[in-house]
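If you're matching them up, the sequences are chains G and P in order. In terms of the numbering used here, the first sequence opens at residue 1 and continues consecutively. In terms of the numbering used here, the second sequence opens at residue 1 and continues consecutively.
Hints should not be assumed to be uniformly reliable.
The list treats identical chains as one, so a pair stands whether inside a single copy or across any two.
Calculated lysine-lysine pairs in the DSBU-like style (CA-CA distance at most 35 Å, straight line) [what the hints assert, rightly or not]:
hint: 1; residue 1: K237; residue 2: K164
hint: 2; residue 1: K135; residue 2: K342
hint: 3; residue 1: K335; residue 2: K135
hint: 4; residue 1: K8; residue 2: K178
hint: 5; residue 1: K335; residue 2: K106
hint: 6; residue 1: K106; residue 2: K164
hint: 7; residue 1: K106; residue 2: K8
hint: 8; residue 1: K342; residue 2: K178
hint: 9; residue 1: K8; residue 2: K282
hint: 10; residue 1: K164; residue 2: K196
hint: 11; residue 1: K335; residue 2: K178
hint: 12; residue 1: K218; residue 2: K161
hint: 13; residue 1: K282; residue 2: K342
hint: 14; residue 1: K342; residue 2: K161
hint: 15; residue 1: K335; residue 2: K282
hint: 16; residue 1: K45; residue 2: K161
hint: 17; residue 1: K218; residue 2: K282
hint: 18; residue 1: K45; residue 2: K342
No wet-lab data here; the hints were simulated from the structure.
There are 2 protein chains.
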Amino acid sequence: MRRDNNLKNDLIIRTLLGEQTERTPVWMMRQAGRYLPEYIALRNKYSFFERCQTPELACEITLQPVDIVGVDAAILFSDILVVPQAMGMEVQLIEKQGPLLPEPIKTAADLNRIYSAGAAGNLEYVYDAIRMIKKELDGRVPLIGFAGAPWTLLCYMVQGKGSKTFDEAKGFCYQNPKLAHQLLQMITDVTIEYLKGQIAAGADMLQVFDSWGGLLNKQDFETFSLQYIRQIVAAIKDEVPTIVFAKGAWSSLGEMAATGAHGLGIDWCIEAQQARQFAGDKITLQGNYDPARLLAPVEEIQQTTEAMLRAFGPGRHIANLGHGILPNVPVAHAKAFVDTVKAFRHA
Amino acid sequence: MRRDNNLKNDLIIRTLLGEQTERTPVWMMRQAGRYLPEYIALRNKYSFFERCQTPELACEITLQPVDIVGVDAAILFSDILVVPQAMGMEVQLIEKQGPLLPEPIKTAADLNRIYSAGAAGNLEYVYDAIRMIKKELDGRVPLIGFAGAPWTLLCYMVQGKGSKTFDEAKGFCYQNPKLAHQLLQMITDVTIEYLKGQIAAGADMLQVFDSWGGLLNKQDFETFSLQYIRQIVAAIKDEVPTIVFAKGAWSSLGEMAATGAHGLGIDWCIEAQQARQFAGDKITLQGNYDPARLLAPVEEIQQTTEAMLRAFGPGRHIANLGHGILPNVPVAHAKAFVDTVKAFRHA
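Next up, chain G with everything else stripped away, as it sits in the complex:
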């Protein structure tokens, strides 16, 4: 396991490795994003991919929440869809409309339009950004790298855009299981190489996001998602601490824990105690504050954040939201969440 000895705050790393810590570490999914006026200012000047692909901009955005909100980890500013893009697909990210992949994968012929060999090499700009961020952070907090899980990427690559249910993507898998597995394996291969590139560039830990894992029943989650996540975790877990977050896939927490990941993300629809029971006590849990609850008055945020901390108990817990922070959350409310975690001590 590689550890950056220059880290002044390594709470999150120690928590993931099951070591004792003075307090619970905290960060927020999408913490570098649209609720921050400083981010909006850059968004108004540069397109999404300009921000992603210009290391200086990605670096500046990544550091904003560390400086402004005081979180215990930075997370690389990027998007999970840079992987399909690197594999040769056109990806558009239109503000307020979500992603659009104008030529989605529907047939075997479509698979021939994309490639896995060498695709991770197209993501050099990410590795550059990571090197720059690590330098700028200068050990203040660890840097989290990430990638989308193959199933979630397939959802976008087949459906071509966001969806509540991703029926077309699911229909594709049920009608063409062979093609689906071919595509999932291609994504997996690129993702492993990509994450190894992030580690080589300096990422201190990694998170795999399976945002749409919860759309599958337990058996389909194993078939179309978990077996690929398992390959990814196996390839990186001995190098840096690794978190798997499959939103909504509560019924497979035990199986996800068995991948050897160091942490599991959970959403607010499962209670801490229940999640612990499913996941077992040898893994760190990350979550699970309802992002919409940050719209409540500050005093209530403080109370409900403390209630969450008590529910998880001391150790083996990283405080986070159960999903990305909402764009309309006041910065003071985000700060109230972070400050409450940082001030809290278990009795």
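Start from chain G and add chain P according to the hints.
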């Protein structure tokens, strides 16, 4: 408990009451809908509310799946948003775009624009449709009446349109709990009167749909949803068998069972055995085939449907999808699901 002695097929009623049956009954959520060419023909001629509000049309549409697919129950063709409409809100249902409520509830003043007293009287066209359907059915299968749960209706009434996360609706509740509870109680009062009207008109059983219950954490589900569902179930459960379906709210199955409902709907993201463990063995479970799985080849539909039936075991189970049938499902696939259930006998 009122029972229609004229029913030739009362499998679903007996299953809900925990009585023995020859086989598992089956119906499909949204079975009267867009996958049926006969429905599309009427949709192309009449607007949504013409279809809803003209008893002859609602009757014809309600009977289509009984005749064409051979399900064991008819469900009233209507929409949960007729209740906000009856309370004085403008509701638009635009094909392929979903619902739009152009003047959503945001303030106390907005609440004064709507009313509960007498609102159920505006739904006389539903009672007329039920009377006509019961006559046309002539006891072939039972008729299911329904309403939306107060929480799900609040989601639309506050957000003003569909949403993946209903953040505005949740924010409204967290910022204005008093207003939210006032609105939820108004909806509850109307819903109870409305469902009693459906019973008086001849509905053999009722289902309460909480499509967005799964967006809340367990405590918020109790606060903003379940306490109102409890009132509704208490008011009707001694008159006709009652099913509660709160999609995604698996962690409150035990509490929902304790309302005294006869059945609980479950989605495909929970396994039969786990649901049974949470709900206890004194209640009927309904579900939980993944609607997207109906896009698979017929042979696979047959195999996975049988696997579902075996997982639930004999008795106390109504076969259904875990959510509404998708518009692009071939009728032959829907029929394969229904026929497989009807042919299956537990060993």
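Status of each hint after checking the structure:
no. : hint        : in the structure
1   : K237 / K164 : both (32 Å within a copy, 33 Å between copies)
2   : K135 / K342 : within (25 Å within a copy, 66 Å between copies)
3   : K335 / K135 : within (25 Å within a copy, 62 Å between copies)
4   : K8 / K178   : neither (48 Å within a copy, 46 Å between copies)
5   : K335 / K106 : between (44 Å within a copy, 26 Å between copies)
6   : K106 / K164 : both (19 Å within a copy, 25 Å between copies)
7   : K106 / K8   : neither (49 Å within a copy, 46 Å between copies)
8   : K342 / K178 : between (49 Å within a copy, 31 Å between copies)
9   : K8 / K282   : within (26 Å within a copy, 56 Å between copies)
10  : K164 / K196 : both (32 Å within a copy, 33 Å between copies)
11  : K335 / K178 : between (47 Å within a copy, 26 Å between copies)
12  : K218 / K161 : both (24 Å within a copy, 31 Å between copies)
13  : K282 / K342 : within (24 Å within a copy, 46 Å between copies)
14  : K342 / K161 : neither (38 Å within a copy, 38 Å between copies)
15  : K335 / K282 : within (30 Å within a copy, 47 Å between copies)
16  : K45 / K161  : both (25 Å within a copy, 31 Å between copies)
17  : K218 / K282 : both (22 Å within a copy, 25 Å between copies)
18  : K45 / K342  : within (34 Å within a copy, 61 Å between copies)
Hints 4, 7 and 14, counting from the list given before, are not met by this structure.
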